[in-house]
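Undergrad: The lines below spell out each chain.
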Amino acid sequence: MSQRHERSMRPDCNGASHWLIRRAAHRVPSALSSRLEEEWLADLETRSTTLSRLRFAVGCCWASLVIENEYPRSRVAAASAVAPAGGFFTLVDRNFSYFSLRSATLFLIAGLHAALFFGLINSLSHTQAAVTPPNLQNQEVAPLPPEKVLPSPPGPELKHWTIYVPKTAVDLPPKLDFEPDVIVDVSDKPPEVIARPPGLETPTHVVQQLVGGPGAGFPETADFYPSPSIRLGEEGLTTVHVCVDRKGRLTSEPTALKGSGSARLDDAALRLARAGSGHYRATTEDGQPVNSCYPFGVRFQLKK
Amino acid sequence: MGQKDTEVRMSLQTLRVLETFLDNPTEQLAGAEVHQRCGLASGTLYPILLRLESAGWFVSQWESIDPSSAGRPRRRLYRLTSTGLRRAGEVFASFNRGVLA
Numbered sequence: 001m002s003q004r005h006e007r008s009m010r011p012d013c014n015g016a017s018h019w020l021i022r023r024a025a026h027r028v029p030s031a032l033s034s035r036l037e038e039e040w041l042a043d044l045e046t047r048s049t050t051l052s053r054l055r056f057a058v059g060c061c062w063a064s065l066v067i068e069n070e071y072p073r074s075r076v077a078a079a080s081a082v083a084p085a086g087g088f089f090t091l092v093d094r095n096f097s098y099f100s101l102r103s104a105t106l107f108l109i110a111g112l113h114a115a116l117f118f119g120l121i122n123s124l125s126h127t128q129a130a131v132t133p134p135n136l137q138n139q140e141v142a143p144l145p146p147e148k149v150l151p152s153p154p155g156p157e158l159k160h161w162t163i164y165v166p167k168t169a170v171d172l173p174p175k176l177d178f179e180p181d182v183i184v185d186v187s188d189k190p191p192e193v194i195a196r197p198p199g200l201e202t203p204t205h206v207v208q209q210l211v212g213g214p215g216a217g218f219p220e221t222a223d224f225y226p227s228p229s230i231r232l233g234e235e236g237l238t239t240v241h242v243c244v245d246r247k248g249r250l251t252s253e254p255t256a257l258k259g260s261g262s263a264r265l266d267d268a269a270l271r272l273a274r275a276g277s278g279h280y281r282a283t284t285e286d287g288q289p290v291n292s293c294y295p296f297g298v299r300f301q302l303k304k
Numbered sequence: 305m306g307q308k309d310t311e312v313r314m315s316l317q318t319l320r321v322l323e324t325f326l327d328n329p330t331e332q333l334a335g336a337e338v339h340q341r342c343g344l345a346s347g348t349l350y351p352i353l354l355r356l357e358s359a360g361w362f363v364s365q366w367e368s369i370d371p372s373s374a375g376r377p378r379r380r381l382y383r384l385t386s387t388g389l390r391r392a393g394e395v396f397a398s399f400n401r402g403v404l405a
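These protein sequences, in sequence, are chains E and V. The first sequence maps to residues 1 to 304 in our numbering. The second sequence maps to residues 305 to 405 in our numbering.
It should be emphasised that the hints constitute simulated quantities derived from the structure, not laboratory data. All C-beta atoms, glycine included, are put in the ideal place defined by N, C-alpha and C. Hints may be right or wrong, so weigh each one.
Quick look at which bits of chain E chain V covers, simulated, 3 or more residues with Cβ under 8 angstroms [to be verified]:
hint: 1; stretch: 42 to 51
hint: 2; stretch: 60 to 71
hint: 3; stretch: 224 to 235
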């Protein structure tokens, strides 16, 4: 700083330095205020440059803060300005040690941190509130009325479904439901033609079917009549089902369709059916023998 | 009420102030002169002077001049007390022994 410039600034800076020192002196306890003001102003005059005077004045401000915090606990014998030169002492006995400059600085730093933290939390919460869509915000919901007990629902309603089955183009003949009336007795009877059930219309081409049965050389029933049955007087009719080829031979094991009521008679009838293999008369259709299955009856009857 | 010889927190700056006074224990020094000799700023120097004074290590009094004739204000002068001299000697002696007082 040039001397010319410094000279032009000196009155203002002097005033500022004095003002700072007076302010600093008034900050300290009153017992020291006038003394320090006079002392600092006297020492200020020893500073030559403006900058050093300002630095001194600022230093006095700092010193006043330190003294303000230390003075109460320090038993300073302060000589007031009006006191005689060698005299002393105003003793102040106040104890503010718990609030020293160091504590004040600590509190200030802690307060700044708390304020910073509070501001950060607030800004974050505002940001989050702005981001959150309104439909996600919490809303207080009025309490619901007591729930009414609803009656139990009725059972499942069963509907009567009607299934319509389309009719086939081919008219099937009604089910045959009749008893075979071909009963083979030991006696030689001519085979009978199975009568067609009533209502069965005659097709355009009527196949002349002649159902087979026991033929020539078929074993005699009496030869298979069980002796115990003869003694006990058991009689009965067993209906046997056989499958026969065109030559009158059994193609499968004969079975008893309807029993006689006596197991012995039924077994005897099956043995008779087996023994007659090759002696069956094949079923003919339009006069031609064909493989077929048919039932026939074996009657065990004692001669009177 | 008399001065008390209380404990003084011994910092490096305090030692520098004491050292300045110990150079000539009978000399009275104003704050400005202490500043010039030890180089401490006013913000540090004056609290130390007051602290030592309250502890009884220093006494202070106004300079015996007529401000109008001298052309400058009177200054506050500090000097070591006998207690301050003894305690300062003990402090520096303990430093020589390597023990902080």
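Undergrad: Decide, hint by hint, whether the structure agrees.
TA: Hint check results:
{"no.": "1", "hint": "42 to 51", "in the structure": "holds (count 5)"}
{"no.": "2", "hint": "60 to 71", "in the structure": "holds (count 8)"}
{"no.": "3", "hint": "224 to 235", "in the structure": "violated (count 0)"}
In terms of the numbered hints stated before, the structure departs from hint 3 and from no other.
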